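Enquirer: Those sequence lines, one after another, are chains H and R.
Residue 198 in our numbering sits at position 198 of the first sequence; the count goes up by one each step and never skips.
Residue 66 in our numbering sits at position 66 of the second sequence; the count goes up by one each step and never skips.
Treat the hints loosely; a few may be bogus.
[To be verified] Here are the simulated lysine-lysine pairs, DSS-like style, with alpha carbons at most 25 Å apart:
#1 K93(H) <-> K2(R)
#2 K93(H) <-> K65(H)
#3 K26(R) <-> K93(H)
#4 K89(H) <-> K65(H)
#5 K43(R) <-> K26(R)
#6 K150(H) <-> K43(R)
#7 K150(H) <-> K2(R)
#8 K89(H) <-> K26(R)
#9 K150(H) <-> K9(H)
#10 K31(R) <-> K43(R)
#11 K26(R) <-> K2(R)
#12 K2(R) <-> K9(H)
#13 K43(R) <-> K2(R)
#14 K44(R) <-> K2(R)
#15 K44(R) <-> K26(R)
#16 K26(R) <-> K150(H)
#17 K31(R) <-> K44(R)
#18 K26(R) <-> K8(H)
#19 K93(H) <-> K43(R)
#20 K2(R) <-> K11(H)
#21 K26(R) <-> K36(R)
#22 K2(R) <-> K36(R)
#23 K31(R) <-> K11(H)
#24 K89(H) <-> K43(R)
[What the hints assert, rightly or not] If the Cβ cut is set under 7 Å, some of the chain R residues that face chain H in the computed set are:
#25 G16
#26 L23
#27 K26
#28 N27
#29 T29
#30 M32
#31 V34
#32 L41
#33 G55
#34 V60
#35 S65
#36 G66
[Unchecked claim] Covered stretches of chain H, going by a simulated chain R footprint (3 or more residues, C-beta under 8 Å):
#37 21-34
#38 116-129
#39 135-141
#40 159-167
Simulated from the structure, these hints should not be mistaken for lab results.
Computed from a predicted model, the values in this text were never measured in an experiment.
Heads up, the beta-carbon is just placed ideally off N, CA and C, and yes, glycines get one too.
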Amino acid sequence: MTFEQITKKLKSRIVGIAGCGGLGSNCAIALARVGIGTLVIADFDIVSPGNLNRQYYFLDQVGMKKTLALRENILRTNSHVNVIGHDIKLDRKNIPVIFAGCDVIVEAFDHAEQKQMIIETILDSMPRVPLVVGLGMAGWGMNESIHCRKAGNLYICGDEISEIGPDLPPMAPRVGIVANMQANVVMEILLGSEVAKW
Amino acid sequence: MKIRLNNNTEEFDGDGLSVNDLLRLKNFTFKMLVIKINGTLIKKSEYETTRIREGDEVHVLHLISGG
């Protein structure tokens, strides 16, 4: 497929992104660049200076709502994307409403409890919608530990080991790798793959 | 019995282990887990009563913070 054919196919697709931090912001920009038609983004947070070491925001956006700042950055990258922002804390009740109609959902939360919540919610109430989660990307190095696996409609990207902590912060390279891996899985779900089969 | 655990074939003594037995045998001690058996989500309250049978497809996810 040529780039034009790919973009044409992706234009009618809707991808939900749950969380606009390190995974969500970087994944959203990658998906905007390939031409996903609609991105539904949700987060309740604001951009803080500490986010800039890995998240797709800029110094002059500190203090802005993440959904507004990310919308701005998506549109500066590709003005054809339809961005639907929800400035809200996602929970078991609102997830099925906010992401209704999405072809794929990307899990981009920070805390393990939140990751569990969205996985359970989607497996329970929207089991047919593929969910792409990011699990384990703290620290640096060890590219070879980062992988992708599939469990039915659930796709897991990450090393599944490295948990963030005071001595093991999330760093731009590994967060970016996993975020882009999630975007790559989204493309594979939407277009199929001529390179590798799951 | 043989099962598929996280896309690998694994063999265990006897048939009908509970989910808790499996977690103990594999030393999966994480507090935050998502477990699917043959595509069905198993809730924490069902770990003791749910039995794993020969040929089952089991996925265990350890939920860790970061993103």
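Enquirer: If a hint holds in the structure, say so; if it does not, say that too.
Expert: Outcome of the hint check:
For the hint pairing K93(H) with K2(R), the CA-to-CA distance comes to about 38 Å; that exceeds 25 Å, so the pair is violated. For a cut-off of 25 Å, the pair hint linking K93(H) to K65(H) stands: about 22 Å separates their Cα positions. At roughly 34 Å between alpha-carbon atoms, K26(R) and K93(H) are farther apart than 25 Å, so this suggested pair is violated. Between K89(H) and K65(H), the direct Cα distance comes to roughly 12 Å. Compliance with the 25 Å bound is thereby established for this hinted pair.
At roughly 19 Å between alpha-carbon atoms, K43(R) and K26(R) fall within 25 Å of each other, so this suggested pair holds. Only pairs whose Cα atoms come within 25 Å are accepted, and K150(H) paired with K43(R) is accepted, the gap being roughly 20 Å. Distance restraint check for K150(H) and K2(R): the Cα-Cα separation of roughly 20 Å lies within the 25 Å cut-off, and the hinted pair is therefore satisfied. For the proposed pair K89(H) and K26(R), the alpha carbon gap of about 35 Å is over 25 Å, so the pair is violated.
Restraint check for K150(H) and K9(H): the C-alpha separation of about 24 Å stays at or below 25 Å, so the hint holds. Restraint check for K31(R) and K43(R): the C-alpha separation of about 13 Å stays at or below 25 Å, so the hint holds. Simply put, K26(R) and K2(R) have alpha-carbon atoms about 14 Å apart, close enough for the 25 Å limit, and the pair holds. For the hint pairing K2(R) with K9(H), the CA-to-CA distance comes to about 42 Å; that exceeds 25 Å, so the pair is violated.
Between K43(R) and K2(R) the alpha-carbon distance is near 23 Å, which keeps this suggested pair within the 25 Å criterion. Distance hint between K44(R) and K2(R) is fulfilled; the C-alpha atoms sit about 23 Å from each other, no more than 25 Å. Restraint check for K44(R) and K26(R): the C-alpha separation of about 17 Å stays at or below 25 Å, so the hint holds. Taken as a hint, the K26(R) and K150(H) pair is honoured in the structure, with Cα atoms around 20 Å apart against an allowance of 25 Å.
Between K31(R) and K44(R) the alpha-carbon distance is near 10 Å, which keeps this suggested pair within the 25 Å criterion. At roughly 47 Å between alpha-carbon atoms, K26(R) and K8(H) are farther apart than 25 Å, so this suggested pair is violated. In summary, the hint linking K93(H) to K43(R) is supported, as the alpha carbons are separated by about 18 Å, within the 25 Å threshold. In summary, the hint linking K2(R) to K11(H) is not supported, as the alpha carbons are separated by about 44 Å, beyond the 25 Å threshold.
Restraint check: the Cα-Cα separation between K26(R) and K36(R) comes to about 16 Å, which is no more than 25 Å; the hinted pair holds. Distance check on the hinted pair: K2(R) and K36(R) sit about 17 Å apart at the alpha-carbon level, within 25 Å; holds. The hinted pair formed by K31(R) and K11(H) fails the criterion: a straight-line CA distance of about 41 Å is larger than 25 Å. For the given pair, K89(H) sits about 24 Å from K43(R) by alpha-carbon distance, which is consistent with the 25 Å threshold.
A distance limit of 7 Å between C-beta atoms decides the matter here; for G16(R) the minimum to chain H is near 22 Å, and the interface restraint is violated. Restraint check, L23(R) versus chain H: the minimum CB separation of about 15 Å is more than 7 Å; hint violated. Annotation: interface hint on K26(R) violated; nearest CB of chain H at approximately 14 Å, more than 7 Å. A cut of 7 Å between beta carbons decides the hint on N27(R): the least distance to chain H is about 14 Å, and the hint is violated.
Taking 7 Å as the C-beta cut-off, the interface hint given for T29(R) is violated, the closest approach to chain H being about 13 Å. At about 4 Å, the closest approach between the beta carbon of M32(R) and any beta carbon in chain H falls short of 7 Å, and the interface hint on this residue holds. A least Cβ separation of about 5 Å between V34(R) and chain H falls short of the 7 Å threshold, and the interface hint therefore holds. Look at L41(R): its Cβ gets to within about 4 Å of chain H, closer than 7 Å, so that hint holds up.
Hint status for G55(R): violated, given a least beta-carbon distance of 16 Å to chain H, over 7 Å. For the restraint placing V60(R) at the interface with chain H, the shortest Cβ-Cβ distance is roughly 9 Å, beyond the 7 Å limit, so the hint is violated. With a cut of 7 Å, the hint placing S65(R) at the interface with chain H holds, because the nearest CB-to-CB distance is about 5 Å. Interface restraint check: G66(R) against chain H, minimum CB-CB distance 4 Å, threshold 7 Å, status holds.
Counting residues of the segment 21-34 of chain H whose CB falls under 8 Å from any CB of chain R gives 4; the rule of at least 3 is met. Here the segment 116-129 of chain H counts 5 residues with a CB under 8 Å from a CB of chain R, which clears the bar of 3, and the coverage holds. For the segment 135-141 of chain H, the proposed coverage by chain R is satisfied: 4 residues have a C-beta within less than 8 Å of a C-beta in that chain, meeting the threshold of three. Note: the segment 159-167 of chain H has 5 residues with beta-carbon separation from chain R under 8 Å; the three-residue rule is met and the coverage holds.
Consistency with the previously given hints fails for numbers 1, 3, 8, 12, 18, 20, 23, 25, 26, 27, 28, 29, 33 and 34, ordered from lowest to highest.
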